[in-house]
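**Student:** Sequence:
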Amino acid sequence: MIPRRSQVSEEFRERIEVALAGSYGIQVEVLHRLHAGTATDNLQVRAADGQEWFIKLHATRSELDEAREAIALAEFVRDGGVPVPMLQRTLQGDSLAVGSAGGLSVWEFLQDAHTAEGGVHGAAAADIGTA
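Following this note's numbering, the numbering of the sequence shown begins with 1 at its first residue and continues without gaps.
Misleading hints may appear alongside valid ones.
Stated by the list, open to error - Simulated pairs of lysine to any residue, SDA-like, Cα-Cα distance not exceeding 25 Å:
#: 1; residue 1: 56; residue 2: 80
#: 2; residue 1: 56; residue 2: 16
#: 3; residue 1: 56; residue 2: 27
#: 4; residue 1: 56; residue 2: 29
#: 5; residue 1: 56; residue 2: 24
Unchecked claim - Estimated spans, in silico, between C-beta atoms of each pair:
#: 6; residue 1: 91; residue 2: 60; range: 20 to 30 Å
#: 7; residue 1: 86; residue 2: 30; range: 12 to 22 Å
#: 8; residue 1: 11; residue 2: 81; range: 39 to 49 Å
Note that these hints are calculated values from the structure, not bench results.
Ideal Cβ placement from N, Cα and C applies to all residues, glycine included.
Given these sequences and hints, build the entire structure.
**Tutor:** Shown next, in the form of structure tokens:
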């Protein structure tokens with residue numbers, strides 16, 4: 001399922017651009033809000049170097065501990081061979097970039113990834129539980 005995309009306000013875009021450049025060294029070329037995800041607001045970014053990124057926005061500081069736990073779990077299963085997106089750590093090596101309004105995490109963008117909204121069908125459904 002391809003998630004629906006929409007534009008963001010110029011002010012919002014500027015805040016994200018500053019956060020990504022300062023914390024990750026990512027220079028944004030294109031930025032869209034993705035209408036996919038269950039626990040976070042999400043963005044798709046194409047960087048000036050052509051790399052595609054999936055950005056999870058963690059809206060409040062209170063969500064950050066849960067986000068860190070989820071990130072640790074994703075990294076653990078990835079290290080065990082489960083095909084999940086790779087986390088891009090900040091320039092300082094942190095799993096999240098944290099600011100006064102919350103935080104964000106940056107992940108490799110997987111084209112045609114299955115999302116909770118679209119369900120899992122066909123061969124992917126048959127593979128659940130085999131990893």
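**Student:** For every hint, state whether the structure bears it out.
**Tutor:** Taking the hints in turn, this is what the structure says about them:
no. : hint                 : result
1   : 56 to 80             : holds, 23 Å
2   : 56 to 16             : holds, 11 Å
3   : 56 to 27             : holds, 17 Å
4   : 56 to 29             : holds, 18 Å
5   : 56 to 24             : holds, 14 Å
6   : 91 to 60: 20 to 30 Å : holds, 24 Å
7   : 86 to 30: 12 to 22 Å : holds, 21 Å
8   : 11 to 81: 39 to 49 Å : holds, 42 Å
Violated hints are absent here; each numbered hint is respected by the structure.
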